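A.B. asks: One-letter residues, chain by chain:
Number of protein chains: 2
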Amino acid sequence: MERTGFRSITAATGEPAGEPLATHGVADVEAVCAAAEAAFDTYRSIDNEARAAFLEKIGEEIVALGDTLIETACRESGLPRPRIEGERGRTVGQLKLFAGVVRRGGWMGLRIDPAMPDRAPLPRPDLRLRMIPLGPVAVFGASNFPLAFSTAGGDTASALAAGCPVVVKGHPAHPATGELVAGAIRAAVKACGLPEGVFGHLVGPGNELGQALVQDPRITAVGFTGSRGGGLALVKLAQAREVPIPVYAEMSSINPVVLCPAALSARGAALGTAFVGSLTMGAGQFCTNPGLVLAVEGEGLDAFVSAAAEALTQAEPQTMLTGGIHAAYERGLQDLSSHDKVETVARGKVGEGVARGQAAFFQTDAQAFLADAALGHEVFGASSILVRCRDADELAAVLKAAEGQLTATIHMDEADTDFAAKLVPVLERKAGRILANGWPTGVEVAHAMVHGGPFPATSDGRTTSVGSLAIDRFLRPVSYQNLSAALLPAVLRDGGPGDAPLLLDGTLVAGSAN
Amino acid sequence: MERTGFRSITAATGEPAGEPLATHGVADVEAVCAAAEAAFDTYRSIDNEARAAFLEKIGEEIVALGDTLIETACRESGLPRPRIEGERGRTVGQLKLFAGVVRRGGWMGLRIDPAMPDRAPLPRPDLRLRMIPLGPVAVFGASNFPLAFSTAGGDTASALAAGCPVVVKGHPAHPATGELVAGAIRAAVKACGLPEGVFGHLVGPGNELGQALVQDPRITAVGFTGSRGGGLALVKLAQAREVPIPVYAEMSSINPVVLCPAALSARGAALGTAFVGSLTMGAGQFCTNPGLVLAVEGEGLDAFVSAAAEALTQAEPQTMLTGGIHAAYERGLQDLSSHDKVETVARGKVGEGVARGQAAFFQTDAQAFLADAALGHEVFGASSILVRCRDADELAAVLKAAEGQLTATIHMDEADTDFAAKLVPVLERKAGRILANGWPTGVEVAHAMVHGGPFPATSDGRTTSVGSLAIDRFLRPVSYQNLSAALLPAVLRDGGPGDAPLLLDGTLVAGSAN
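The listed protein sequences correspond, in order, to chains A and B. Heads up: the first sequence at position 308 corresponds to 308 in full-length UniProt numbering, and the numbers run straight through without jumps. Heads up: the second sequence at position 476 corresponds to 476 in full-length UniProt numbering, and the numbers run straight through without jumps.
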């Protein structure tokens, strides 16, 4: 490692804090990946209880960082204290969630088809299957969740839960936060007696480090949360390798919100006010920010727009994560506000200081939106566009033309049921999560959550990056045919699965406890 | 459709049979894909029982084709009658297997996390998850299994089971067989009252049709079994689309067989004879053909080689699937036999007539094998190379350097347990299936089967193309948050899952029957 001009930046001032930081070079990637590879067979062999305890220990070590972590993350991200405290809780909570998943053992996907030695014309062999981890995983954290989607975030937690060593490329927008969390993980590795290579951490600005990491032959999968450009660049690198590897990139979504007619009539104004709350939360810097609103023309819609405009005009400016993100946000708003088919409904208050986001709400009509794909591109930050539709058919046409999304939201009353029911099959094909009468921001970390969706929301719409199903991304099946007990993995020996679910000759046995 | 010079070829003579065949052009792809897309929402909405009955009906219609199907497949493939009869049984069997999988409902991956309205600081929403089918799937059948891996083969069965309409690009090596089977599927579609677009069939020579199919925006995934070059070309096309899609290509494998020392000492000669049986089965035209044998030098190995040479010398010539496959096989053998570090152990009998494969067995040493990656490339047909190793470490080094494989085999006695146990972690990372004291040819269609493996065995080592787990390739998760019962899919309503397994708040409930 060497000291360069790389610094931790205080988001609210744009000024560096502390000394120049030690950074890694491309040559360090080699050593870190070699250690991860060397640790893999040991780490994947420890039992489920030991792996679960390790995940919980990481959570404890993060909590033990105390206020230093909270203050550092607030300073580097510009996000307010309650948000960062909540995010720490979520980070620890998802580690605990995966500890539970590892203990219950469903992730192993155990299957046994017993031998049928007397079957005619040919005997059936004894076949046993389990999921095994892929190998070392590279994780690229997000700037907008410096804890929950970063160093010890969802990708790291799910990959470690699967039994994969993790190499994190620390996000350059919060290097001090990242180093604190990396230290907590290293402490947990040590406390649990695991090989050091179970966790690696690469620090530095620019793209070279990350590129070298994805190209390293020992890396077997990549988790990424960030921009579409960044995600697609990593996908391209991964596909060009001698052995291509999967990239799980969560990239771009404008999260359509449909306002149904009866709901608009009954409470258009209330919806407008609530919408602005979701739009401006965290300076709009959520993957699930409601960037597209769809509704049929009418008095209810006018009430929605008026209330939204009034609320937005009062919206306080908020510090954005980095100067670069703020500049991209401003460019996006400029493109929309100067578009000749787009009207600016309202802007938030102008801020003083660097990187202050001034929220924006635009409107256009369906024909204009359908005619220009650029109007459907994500502007990361508090920006949303209302598409006014003539009728239900035009609204459905806009949804059908939309790109893949993380979420799709329906605001409806009971009288809207037919209107909404027709949209559900369309939305299922467009999004990973469909929600009613809520707002897409705020992603519950749970078993039935999907934070994923068709391209370009993610690079692989068959998966989720939040919730316990995320562990499946880092596993692959192996079948064992006629292996003696001595050679079989312990969980596949007769009586070995314990309480873990088992598909026995095609029938699910939910564990011996059932 | 138009009539061109495209003909059905009799494999044993290389002569065309029957009239020129009607073929599709690129323009037909548009209509077939539009029909598949139009059929999708209807097909995915029918209940599990109706979908299962459809799969079984396809099997019945195939059986109803009677001897015409058997004779046509034998003529076009050059494969013997018992083999084709067995393959028909397997084809019908895997349709039945998937019917059972569809009925049991585990494929839906149902999850419910009930709402916690009183949770502090924030209430938990009601979250429900199911897997839904991706959409229309393109299937490219294999030449070497004109029934079980072709028109109504494993990819078609698993995609239809998942709820995806299927468009098959018929294999040009068996167009008459393909058309018979396509007719059987169409009859089943009609008998079950399903939209015609549930199954499409494109017929023609050359690559253009298939390329247009993969590029059609309505196609959402691709199943392929064939050559490495063909598979990689489809992967590249799929990745270059505006919306990239997954390609499940099963491509290339030489299926290492490890002969452990004690087993070799005890029964080296018997192993040699049995090996030749596996090597020459079906003219060696199996993805799981044992193309690489690894053993430590010794008397047992010499006995193995002598017995194998003796058996191989007696091996009858066999008609290969096509003239093109035979020519590529001959080129591969020529490269090996002219290699200065490779010795030809034995060849089978020379055949009379076109496309007769003359089986071959070669040997080299570990250092030569490690020095030239070309020695590890698949030669499709009855060809295998023995790599003689000085000791266990050298043998492990060869395995570690090998490419990804479909299978890895260990022949062992009890005294070999330590020797073999050290190899298992290496083999798990190289192959999708590990088997002991058997031969890799002969893939059981079962729940615990994996016919897949790390690149380049397949383009996606996280999956299998044989066995019930193959259905997962064509599914993606959707989460429903706070949706009213009227909007929820029936299986996710309270009491809706019936006997299907359900992950309720993280705990698996194996269906109400349990």
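What the hints contain is simulated information worked out from the structure, not anything from laboratory work. None of the values given here were measured: they were computed from a predicted structure. Among the hints, erroneous ones may be present.
[What the hints assert, rightly or not] Stretch-level coverage of chain B by chain A, calculated; a stretch enters the list once three of its residues show a Cβ under 8 Å from a Cβ in chain A:
1. 370 to 381
2. 438 to 446
3. 468 to 478
All residues carry an ideal CB built from backbone N, CA and C; glycine is no exception.
A.B. asks: Next step is simple, just say for each hint if it's right about the structure.
C.D. replies: These are the hints, each one checked on the structure:
| no. | hint | in the structure |
| --- | --- | --- |
| 1 | 370 to 381 | violated (count 0) |
| 2 | 438 to 446 | holds (count 4) |
| 3 | 468 to 478 | holds (count 6) |
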